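Combine both chains into one complex, guided by the hints.
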Amino acid sequence: MPINYVANAGDIPEGTNIIVDVKGLSIGVYNIGGEFFALLNRCPHEGAPLCKGKICGTTLPSGVYQYEYGRVGELVRCPWHGWEFEIRTGKAIFDEKVRAKSYKVQVDDGKVGIVVG
Amino acid sequence: MLNSGRMVIDVDVHNSLRSARDLLPYLSEPWRSRVASSGTGLPSTGYFNPHGVLREDCKPPSGGPAASDPDFLAEDLLKPYNIEYAILNGDLMGVSTMHDPDHGAAIASAYNDYMANVWLSKNDAFRATILVSSHDPLLAAREIERMADHPRMVGVIMGSAHRGLLGQRQFHPIYEAAARHELPVAIHPGTEGSGGAYPPTASGYPTRYLEWHTDLSQSYMAHLVSLVCEGVFERFPKLKFVMLEGGIAWLPHLMWRLDKNYKGLRSTVPWLKRMPSEYIRDHCLFSTQPIEEPDDPKQLLAIFDMIDAENILMFSSDYPHRDNDSPLEILRWLKPEAKQKIFYDNAKKLYKL
Chain A
1 MPINYVANAG DIPEGTNIIV DVKGLSIGVY NIGGEFFALL NRCPHEGAPL CKGKICGTTL
61 PSGVYQYEYG RVGELVRCPW HGWEFEIRTG KAIFDEKVRA KSYKVQVDDG KVGIVVG
Chain B
1001 MLNSGRMVID VDVHNSLRSA RDLLPYLSEP WRSRVASSGT GLPSTGYFNP HGVLREDCKP
1061 PSGGPAASDP DFLAEDLLKP YNIEYAILNG DLMGVSTMHD PDHGAAIASA YNDYMANVWL
1121 SKNDAFRATI LVSSHDPLLA AREIERMADH PRMVGVIMGS AHRGLLGQRQ FHPIYEAAAR
1181 HELPVAIHPG TEGSGGAYPP TASGYPTRYL EWHTDLSQSY MAHLVSLVCE GVFERFPKLK
1241 FVMLEGGIAW LPHLMWRLDK NYKGLRSTVP WLKRMPSEYI RDHCLFSTQP IEEPDDPKQL
1301 LAIFDMIDAE NILMFSSDYP HRDNDSPLEI LRWLKPEAKQ KIFYDNAKKL YKL
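Keeping their order, the protein sequence lines are chains A and B. Under the working numbering, the residue at position 36 of the first sequence is numbered 36, and the numbers go up by one with no gaps. Just so we're on the same page, the working numbering is the position in the second sequence counted from 1, plus 1000.
The following block holds chain B by itself, in its conformation from the complex (with noise of 0.2 Å):
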């Protein structure tokens, strides 16, 4: 039995189409047309994970991909892991890199619809994200305002890559639309260096998957410095930003190189009232998946103790993609009270549950 009694939230799970049809019903044309002949367009990365990026042993035994079928998902990850809540994210965050800032917007709205109409009336277990696309924000704050009186919709979503620094004013109306709805707005990586976006790493394209992947952190850093310095969060006060599946290691470095810096240079960023860090202490929360993994556990400790992890740190276990992680197997050494706010109170707050 693997059950062991704690009760958890899920924060990032990605539910799939079972093809681009499921989204017919839901587009008008030119866009009806263009994705029944040739999918939904979505630009690849050109970085492939040789073995796939879907778990070989969570297909759904009625066909179709992993994670597009919503009973199957039900007993294969809520069951067994006790998840009390999924935060459903999908996966077509890659509208925002989209040449087209017209079908990305279209494919979106048409994957809303498809969410609501599909998936979050077939168990209550399930909460989903609103997908928009950054590359027009207006629309994109158009889609929000549409989609956010849906009571099971809990937040936006974006992918990690997009056209600019997520801090910059253009996405701010982005932010106006989710902060007046009170909903979280998350960020998840895959699409960097895709379609529209920039290179995947400030220096470059790296070679391989493999430094592709452990880049990606690069990408969150940078959104991470942007928001606060633009002043968003002051801008916005009631604004929480997620940022799922880039790492946390790195936030110790980033906090104090930015306060130090800070010290020195408050005068280009007047607006700010408080140190950096304290910004993202205060609005920011992060994902657990992948966990980093020293070979001495006390390291990583040490770290979530540098960070505050207990207040800002929720548990995902990226289901159904092959590095997702086990709640049962991962921070087995956390103390209980902090085990409850990763895995269960820090989301159970954010997203209102």
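Excised from the complex, chain A in its bound form (with noise of 0.2 Å):
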């Protein structure tokens, strides 16, 4: 599989993400607590540009009017209709079967890597 070098790991910083163009695609590369992940900039949904979307967290599953908030800054809210996604895997939070299309991703000697197939 081919490896597209995009960015060097310090051009973006922790809990921040940048958009690259790869072969016309538009791709979103995240920095997870220095943990590389990378989607497709285009919601599932409606094709919004997704990677657009704030870096977020969200209210955990839990009991009628508890609240309790967590997983800041592993995921992504669209920008449109707000469907929040699991940066790691593109899973959505509603449902795990409706999915953000992602890459894998490896760092070389420094550079930021999408596999592209």
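Rather than coming from a laboratory, the hints here were simulated on the basis of the structure. Being a predicted model, the structure only gives us computed values, none of them experimental. Careful: at least some of the hints might be erroneous.
What the hints assert, rightly or not - Derived lysine-lysine pairs resembling DSS-like cross-links, with alpha carbons at most 25 Å apart:
id, chain 1, residue 1, chain 2, residue 2
1, B, LYS1335, B, LYS1349
2, A, LYS52, B, LYS1079
3, B, LYS1059, A, LYS54
4, B, LYS1348, B, LYS1238
5, A, LYS97, B, LYS1298
6, B, LYS1339, B, LYS1349
7, A, LYS23, A, LYS101
8, A, LYS52, B, LYS1059
9, B, LYS1079, A, LYS23
Next comes the structure, spelled out in structure tokens:
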């Protein structure tokens, strides 16, 4: 599988993302706690630019009228309809069968590469 | 490339002021000083989308809120989606729920002049609707009269929250003026529960935005039954009524229930000459966004058949609101003829574009 190097690791500070073009695909590359992840910049719902959405946390499943906030920095919320996705896997929070396309990322000699087949 | 080649007419676009100060040149005193010091004064519903109402990805590079720059709106919405005409409805429909009818009417008039001067001359694709406040229907009718001859003002816009059900006689001057100028009257949700409006549901105030937004269709159902039963379409046979953003999946239920009730209770509305649902089919149009999304699209197709959607439905994006729909993504399963009508022909005919 071809690796496309898109940035130096240092160019994507922790808790942020960049959007790059790889072979005509718009892809968001995220640094979550020092690990890198890549998502297609297209929401599976209506094609919105998902990776322009905020990196966020959310309320965790809880008892009625209990609020427990967590997963800070692990999720991205679509800038259109607000669907929340796990950056690590692309899985939607409301139903893990709904997925944003994700790509394997590897870092070689400080360079961030995305594997796009 | 987003462009699919199909030309689209978008019947619900929410242009925005850069700030309330944009209205100042078109306001006379005492309203000018008031708006200069404290804004439009539009009441809030108290229901907040925690993520905000505006899309985060379409802020104009020139600054200002989303959809406040006519050139960027053309670049960001019209061009990529092949939108030939956009009906600009603004976002000041709350004028109808303000407590002071003169204040609401003044804001509406200033907005209409602002649209004529700032937006409508900017782009041949732009068409606008005349904003009125229903609080004083006579003032509303006068405003329609004042703006109706503008060649790019193609309809009338109001919120869907009012001090009464829209079929009732106090609102008829609005319909008389609109029908005389052959301008469709549209309503748009979002002000339910604000200012002098009734609670946003018939059973009170829901707790959160999620519920409020889901319940908005209730307001549409009540207005639609009222419009038919009060004989609005008998009295104003040329009137067309557009129900924007209120949903459509509830229509079969409403038409069946109303027709069934009418059979035994027609003596209470002797002015109706046809089955109630026929007035809806002949006089009312609906917009797509936010399109209902059952897990199985065939279920929505069945509803489309029940309501003859291809003849009463028009595409709307709702740009730049978060819950907007893309014309390239929704209703892909429609047959080409139905698609052509819903995404283009129905709006072209209604607004005489």
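Let me make sure I understand: some of the numbered hints might not hold for this structure. Which ones are they, in numerical order?
none
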